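Q: Residue numbers (the numbering used here), protein chains in the order written: chain A, 1 to 128; chain B, 1001 to 1132.
Worth flagging that the hints you see were computed from the coordinates, not collected in a lab. In this text the structure is predicted, and so the values were computed from the model without any measurement. Any given hint could be a false lead.
Computed footprint of chain B on chain A, listed as stretches where at least three residues anywhere in the stretch have a Cβ under 8 Å from a Cβ of chain B [unchecked claim]: (1) 46-57; (2) 90-98.
What follows is a list of derived Cβ distance ranges for each label pair [what the hints assert, rightly or not]: (3) Asn1086/B x Asn3/A: 51 to 59 Å; (4) Ala99/A x Thr1117/B: 46 to 54 Å; (5) Thr31/A x Asn1018/B: 45 to 53 Å; (6) Ala99/A x Phe1046/B: 48 to 56 Å; (7) Ala75/A x Ser1119/B: 44 to 52 Å; (8) Val108/A x Thr1054/B: 50 to 58 Å; (9) Pro41/A x Gly1017/B: 33 to 41 Å; (10) Gly1126/B x Thr15/A: 26 to 34 Å.
On the chain B side, residues computed to face chain A include the following (Cβ under 10 Å) [said to hold, decoys possible]: (11) Gly1008; (12) Ser1026; (13) Ala1045; (14) Asp1114.
All C-beta atoms in this analysis are idealised placements derived from N, C-alpha and C, irrespective of residue type, glycine included.
So the chains spell out like this:
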Amino acid sequence: MPNTILDTVRTPLATAFASVAGNVYAYVPETPMVPFVVTVPDSPYLELETIGKSQIRTKINLVISVAVAYNSNPASLDNLEQLVISVLKVIPAGYAIGAVEKPTVTQVGPSNVLVADIRVSTYYTQTN
Amino acid sequence: MATTVITGRDVTFTIGGNNFDAQATSATLIGEMTRETYQTLDGKAFKVTDNNFTFNVEMLADWGATGSLCEILWSVSESSPDTGINTVFTAASGAVFSFQVLPSWPSAGGTAPDAQTVSLSFQVIGVPTEAF
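Please take these sequences and the hints and turn them into a complete structure.
A: Now the structure itself:
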């Protein structure tokens, strides 16, 4: 069984978010349901930082996008802050957590959502 | 002759038989000469009187992991600080240097948002043996 980035990095991350009050996705779905937490690649996505070529070892930079419905500004921000904190609490060991970017209003399908991005990074080794 | 490019990813090394590929982000073998200058009647004359090599390593810390390289380095620094450790450093395929290094304490800790890293500067005993 191949140890893909989806299997060993993004899905375990999404699994760790099972306890948060939102829909969790390991990839961007066509129509995410708010509130949601989705893991997407950051830029640069993969960085080859370690020596040696016998195995592919790479630093993976990801963005955890956390979104809530944007109905009323004060409530939406409060909801977003609570969801962000709950996500930060369950990020597993082995992930370096960077900044949480300022919330922005984004249109997803017909509705507006308030989104904040959490930058995280970890390391992946291809073993087969 | 075509241009040759080798990168840090061509580097591999072992210290005491332990492979550091998974953790090391940089490894550099540096040699320095102590060169004396003599002012003679014919002008300046130069003589190398000593060579000193250091082996510098930057690595991601792995404290607490199974087979932790940081813990191995700590243990050997504690138990045998004056005993050389066999080291094999490959700069690229076909360029291998063999030498002994003296133990060096690995640092521990780091800044909150970043992966913990360790900087090591090993004293090399003598001059490395090359295999080109």
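Q: Hint by hint, which ones does the structure fall short of?
A: 3, 4, 10 and 13
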